[in-house]
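Spelled out from the first residue to the last, the chains are:
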Amino acid sequence: MVNVMDVREEEFINPGTRMCSGCAMALIYRIALKALGPKTIMTVPASCLTVLHGMQGFCTTKVSVLHTPFATTGASASGIVASLEEKGLADDICVVAFAGDGGTADIGIQALSGAVERGTNFIYACYDNEAYMNTGVQRSGSTPLGAFTATTPGGKIRAKKNMPKILEAHGIPYVGTANGSYPLDLYEKFQKAREIKGAKYIHILSACPPGWGYDPKDTIKIGKLANDTGFWPLYEIINGKFILSKDSKKNLDPSKRKPIEEYFNTQKRFNKISQKEIEVYRKYIDDLWNEIKNRIES
Amino acid sequence: MTDSKKDYQKILASVQKPVKGEAGKTGTWSNFKPIIDLKKCIPAKTGKAACFNCWLYCPEAVVTRTIPPEIDLEYCKGCGICAEECPVDAITMIEVRPE
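The listed protein sequences correspond, in order, to chains A and B. Quick note on the working numbering: the first sequence kicks off at 356 and runs consecutively. Quick note on the working numbering: the second sequence kicks off at 17 and runs consecutively.
Just so you know, not all the hints are guaranteed correct.
To be verified - Footprint (simulated), chain A over chain B, 3 or more residues, beta carbon under 8 Å: (1) 37-45; (2) 58-69; (3) 74-81; (4) 96-107.
Treat the hints as calculated values from the structure; they're not laboratory data. Backbone N, C-alpha and C define an ideal beta-carbon position, used for all residues, glycine too.
Model the full structure from these sequences, guided by the hints.
Structure (structure tokens):
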């Protein structure tokens, strides 16, 4: 387990970005860059992360960033890796695609699937704030059931798309889930992914104060509740082997999981959630953890 | 026929410089400012490099990992995560309003 003093002290983001106050994604990006180091090339589609990098002429980060159209994140990463291989720099420089949940689960899934299937040597990181936050909170494939967005005013009626499972089905060497509220776990996962050859995928839950409807100071607390209620388990799948992360291990015991209502009550987007939907969640979480238990034991 | 050297220079003109405060002085965004009580702060009190939750959890990278930790109020957006995550409640958010 990484200690706080093991985390690289050097910062790769300059203060004074355009991110909202209390943005979990800014924290995730900051920690991820620390784990990846200066020899990194980022490719970023349209998302809140594009806004973080700033306007023409100036940049907030100290690593190279390629801004790419929405649907081409995976393809652009393949292109960068191909050119690095041509120049003989592929072993030295790490290529990372960093996209939002809309750019991953909806618009960019085709390019991502293609890049992963080609076995491109890169990391694909998805920060999942569960809607199109950059354009004004519209629903995405990754929005959970019952959540309010601008395009689902009564609460979403469809369930959240399980991206880590889709990527796992591609048979890639590394799939991981992380959470902005556990930066040390996140740091370790990015470091691990950097050392593995082949396509790597990390899915990170990222709390969003304006989109989820809560006070910015509660960002870390809400992310921790997502883990404590069992809604967002932290795990890794390395070459097909399932490893439950340390911070999620206590959730294996159903009595130690907090009731899911505690998570919903902290956020305004779940104001209209019905009792029936809460039952659906309870069953989902029980099934999810039974499945995890079976996978660990087998 | 195009002059490839000139074209290359055109592309170079779009190279972006890393700067601090790309969005301006973001410290003006909030009326709340974090103040560290050095009598309570773990690294300041014990003189040991430990804790640093404020540095770890800051989304804006304005806290330093030094003894004692320092906060750059010029760019701090006043979200209050550091005050919330401090294990000994050494950080308080103080309201600052213009007269």
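The hints, checked one at a time:
| no. | hint | verdict |
| --- | --- | --- |
| 1 | 37-45 | holds (count 7) |
| 2 | 58-69 | holds (count 5) |
| 3 | 74-81 | holds (count 6) |
| 4 | 96-107 | holds (count 5) |
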